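Read off the chains here:
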Amino acid sequence: MFKIIVEKGNYRDSVTLMKVSNEVSKLKGVSQAAVLMATPLNKRFLADAGFKGSEVEKAGPDDLIIAIEAASEEVLESSVSRVEEMLSSRESVEAEEIRPRTLTSAVKLMPDANLALISIPGRFAKREAMNALESGLNVFLFSSNVSREDEVELKEAAKARRLLVMGPDCGTSIINGVVLGFGNVVRRGSVGIVSASGTGIQQVSTLLDGEGLGISHAIGTGGNDLSEKVGGMTTMEGIRLLEEDEGTRVIVLISKPPGPKTSTKVLNAASRSSKPLIVNFLGEAGAGSGKQVKAVTLEDAARMASGFVKGKKAGTRPFSDSQSRVRSLAQSESSGMSGTQKYIRGLYSGGTLCYESQVILAPLMGEVFSNAPLRPESRLEDANISRGNTCIDMGSEEFVVGRPHPMIDYSLRKNRILKEARDTETAVVLLDVVLGYGSNEDPAKELGPTIVSAKKLAGTGGRHISVVASIVGTREDPQDIQKQAKVLASAGVVLMPSNAQAARFAALVASRGAVGRKLFGDGKR
Amino acid sequence: MEKDREPEKRSILKRKLKVINLGIEIFADDLKKQGVEVVGVDWQPPAGGDEELLRLLEKLGA
Amino acid sequence: MAELGVKKNDEVLRKDGEILIGGKKAVLISIQHARLYRTEKDFPTKPRSISEISANVAAVTRTAARRGHHQGLGSLIPLLVPSGIEKTKGPAALNSFSRLALPRVRSLLSKIGEGRISELGAEVQNLAGLGPGLTPSSDDMLSGLMASLVLIAHNLKGDAEMVRRVNRKIALSARKRTTMLSEEYLSQAASGETNEHFQELIKKMLTAPPNEAKRSAELVLKVGETSGTDTVLGILLGFRLSLDKKSAVGVA
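Protein chains in written order, with the working numbering: chain A, 1 to 525; chain B, 1001 to 1062; chain C, 2001 to 2252.
Don't read these hints as lab results, they were simulated from the structure.
Any given hint could be a false lead.
[What the hints assert, rightly or not] No farther apart than 20 Å at their CA atoms in a straight line, the calculated lysine to aspartate or glutamate pairs in the DMTMM-like style are these: (1) B:Lys1032 with A:Asp112; (2) B:Lys1016 with A:Glu246; (3) B:Lys1016 with A:Asp112; (4) A:Lys8 with C:Asp2010; (5) B:Lys1014 with A:Asp245; (6) C:Lys2007 with A:Asp63; (7) B:Lys1014 with A:Asp480; (8) C:Lys2008 with A:Glu84; (9) C:Lys2008 with A:Glu7; (10) C:Lys2222 with B:Glu1025; (11) A:Lys19 with B:Asp1042; (12) C:Lys2176 with A:Asp63; (13) B:Lys1033 with A:Glu441; (14) B:Lys1018 with A:Glu134; (15) C:Lys2007 with A:Glu7; (16) B:Lys1032 with A:Glu476; (17) B:Lys1014 with A:Glu57; (18) B:Lys1033 with A:Asp480; (19) C:Lys2222 with A:Asp13; (20) B:Lys1018 with A:Asp112; (21) B:Lys1032 with A:Glu441; (22) B:Lys1033 with A:Asp442; (23) C:Lys2176 with A:Glu57; (24) C:Lys2008 with A:Asp62; (25) C:Lys2176 with A:Asp62; (26) A:Lys108 with B:Glu1037; (27) A:Lys19 with C:Glu2225; (28) C:Lys2008 with A:Asp63; (29) C:Lys2222 with B:Asp1029; (30) B:Lys1014 with A:Glu244; (31) A:Lys8 with C:Glu2011; (32) B:Lys1016 with A:Glu74; (33) B:Lys1033 with A:Glu476; (34) C:Lys2176 with A:Glu7; (35) B:Lys1016 with A:Glu244; (36) C:Lys2008 with A:Asp13.
[Unchecked claim] Covered, in the sense of this in silico footprint (three residues per stretch, anywhere, with C-beta under 8 Å from a C-beta of chain B), are these stretches of chain A: (37) 108-118; (38) 137-151; (39) 168-180.
Predicted, not measured: the structure shown is a model, and the values here were computed from it.
Don't be surprised by glycine CBs; every beta carbon is placed ideally from N, CA and C.
Only chain A is shown next, with the shape it has when bound in the complex (with noise of 0.2 Å):
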């Protein structure tokens, strides 16, 4: 039995008159149906295909024709009226995938949403995270490029509804065992987080799986969170739910040093929690005082939260390994070395890693240049040029505009590794690898042949160039960790357990040993 139902002059767009087709045609006992435009060709089509009549023919080129063709009167009622259901503006036409265009559509398809993962160009994303507040979500805001003053707006508006605003300009949180933006697979476990910075989380975490530890949440605050203007209203908000929680034990807290002011008010708000307080202001060393111990590097965080976890004593030794054999390990990598060796290239995708880095390499080596510095003195002239000992952060504003995050697209840093071999001055090469959710599939398969092309330029010159690194990862990880470890030490890397030891390591071979006094102590073992 046919059925045709004539709409004109109607205007329907062609995702609209799809569906319909589509449902329509897959009714029960509906044998053929078509929604086509009254073209004379279409009109001919409809014709062959058994629709014939004079409304067919009276119809025009603007006219939507939907014909039917089913087994009985019912199924041919039943379809005339799912199609007029569907046609009615008022129905929201339902398909497969719907891809809401707006925040406010994407609430309508999921009402009980309660985050909002944000990581659109900056100068829209306030407006669309304070839509998202208003919609009762909590916000991770990955965009960089809001003003502080948008920041603390948002902050405020969140605070006065208890929701969270992690970020701007954040890079990881884990939450309830997801991960959100780059991170790792990491054990659920009791050790808290609150960062400001990405990678500080990946390396605290990563180290604490590596133990059989793990997290309960990270919460990243955003790379602003603690500057004076927004006060630390995240990190505070995050300190806060991290006592309330009751997988938490122990909270680790980390960020490049805050100013004086705001670090006041977040110590003296943290120190009412009564849970264990790392604190790790990135080089700031000190004290503490009662449940708040101060580590100096990411690697002392994870080693303090570690022993606080376990009930031991963290251990304070500067490597992993034996003095004997570390000792050695750097002065094979050293041997081979011409005598304009003198520097370490540190070349970096994590911007905390890169500045823990510094930390370390300055007591040990002097002066350490840096298009991230930790003083505005060693700033370096030109990002591009290397100058005596160096680490760039390669994820920063100048490497990073219209291309892939450094974690993703090692093109750059490749073309970096092979620059540093030419110069005669490198000795050591350092770097991050990075693993997990957002990174590379396969940074070893990017870095190795470069690598060891750039060992075999150095070779061409007379010169031995050694390249530490450290990858950060789990084996839980979508990369496999122990065939990325593998490819890489092929390649003739020297993989150290934390980006801390691996730049201390560097430092033992660029300084032939020099700084072994330092790094051990007087005594041996």
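With the hints as your guide, set chains B and C onto chain A.
Just chains B and C, lined up with the frame of chain A:
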């Protein structure tokens, strides 16, 4: 705009994450790999990215 | 529109850059101060060599065959555009429109190739208005074809005058054979006007490496759904005709 729905008493740390992703699709993909429910928004800059028009829209409360 | 007091069957007046709806209780839409998008015919980057462009055509063809939608004429892509996949892919299941359209498209292509402009009218009348969609599938294909012929001739120094005559004939022959909207799109496409996604794709195919052309194709196929695929078919046919030295619209 649905303003200020009933404030959820429990913090985000206690709840199963249900995410709306605006922007880079890789983040949504990675969440799906972790078994998280995600709705991806086909985000386009409002007003075609035109700054002035955008400001006008904001003034209108759109 | 209802909220603005506009009812069905209200009068619409069009004048210069303005539309007035509903007479006295009027809604006026004006583009006088709008920034208009116009296709840039001159691509800033130098076009690649013919063999490189052919490689791009093959890459886009494979992408479209894999990712394209098959409700309209999409399934004709591997059959009409040489790319190497013809050998590996089995005969595709053609929908009824594709089956109908296939010989007609072939006929159209050979007439264009031979420069038989006067015979194009009949060919186009056999295609325009055929297929699903608010802009019927065949029309999208014709739009893609015409727009790409213009942009290719312009940037590779082909016979722009011949292309103009071919396109004019195609657009005119589609009159009264399809919806008003489609007629409008066809007449725009005849002078090389197309939306920015398609323009971007054509530009990439002419001036960029294969991976960029592929990415551009992926975007178009995703955003445009069936209509995107049909237009891409047209674009690929435009390239096929233009890269054939012996065709009337071939760039030497």
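The hints, checked one at a time:
1. B:Lys1032 with A:Asp112: Roughly 17 Å separates the two Cα atoms, so the pair holds.
2. B:Lys1016 with A:Glu246: 16 Å, holds
3. B:Lys1016 with A:Asp112: 10 Å, holds
4. A:Lys8 with C:Asp2010: Within the cut-off at roughly 15 Å; holds.
5. B:Lys1014 with A:Asp245: At roughly 8 Å apart (the allowed maximum being 20 Å), A:Asp245 and B:Lys1014 satisfy the hint.
6. C:Lys2007 with A:Asp63: 19 Å, holds
7. B:Lys1014 with A:Asp480: 31 Å, violated
8. C:Lys2008 with A:Glu84: 18 Å, holds
9. C:Lys2008 with A:Glu7: Given pair C:Lys2008, A:Glu7 holds - Cα atoms ~14 Å apart, limit 20 Å.
10. C:Lys2222 with B:Glu1025: 14 Å, holds
11. A:Lys19 with B:Asp1042: 19 Å, holds
12. C:Lys2176 with A:Asp63: Measuring from Cα to Cα gives roughly 13 Å; hence the hint holds.
13. B:Lys1033 with A:Glu441: 15 Å, holds
14. B:Lys1018 with A:Glu134: 16 Å, holds
15. C:Lys2007 with A:Glu7: Distance of about 17 Å is within 20 Å: holds.
16. B:Lys1032 with A:Glu476: 16 Å, holds
17. B:Lys1014 with A:Glu57: 64 Å, violated
18. B:Lys1033 with A:Asp480: Distance of about 16 Å is within 20 Å: holds.
19. C:Lys2222 with A:Asp13: 16 Å, holds
20. B:Lys1018 with A:Asp112: 7 Å, holds
21. B:Lys1032 with A:Glu441: The given pair, whose Cα atoms are some 17 Å apart, holds under the 20 Å limit.
22. B:Lys1033 with A:Asp442: 18 Å, holds
23. C:Lys2176 with A:Glu57: Holds, at about 15 Å.
24. C:Lys2008 with A:Asp62: 16 Å, holds
25. C:Lys2176 with A:Asp62: 10 Å, holds
26. A:Lys108 with B:Glu1037: With Cα atoms ~14 Å apart, A:Lys108 and B:Glu1037 stay inside 20 Å; holds.
27. A:Lys19 with C:Glu2225: 12 Å, holds
28. C:Lys2008 with A:Asp63: The given pair, whose Cα atoms are some 15 Å apart, holds under the 20 Å limit.
29. C:Lys2222 with B:Asp1029: 17 Å, holds
30. B:Lys1014 with A:Glu244: 10 Å, holds
31. A:Lys8 with C:Glu2011: Holds - the C-alpha atoms of C:Glu2011 and A:Lys8 are around 16 Å apart, at most 20 Å.
32. B:Lys1016 with A:Glu74: Violated, at about 45 Å.
33. B:Lys1033 with A:Glu476: Distance of about 13 Å is within 20 Å: holds.
34. C:Lys2176 with A:Glu7: The given pair, whose Cα atoms are some 19 Å apart, holds under the 20 Å limit.
35. B:Lys1016 with A:Glu244: The given pair, whose Cα atoms are some 17 Å apart, holds under the 20 Å limit.
36. C:Lys2008 with A:Asp13: 18 Å, holds
37. 108-118: Answer holds; 9 residues pass the 8 Å Cβ test.
38. 137-151: n = 4 at 8 Å, threshold three: holds.
39. 168-180: holds (count 5)
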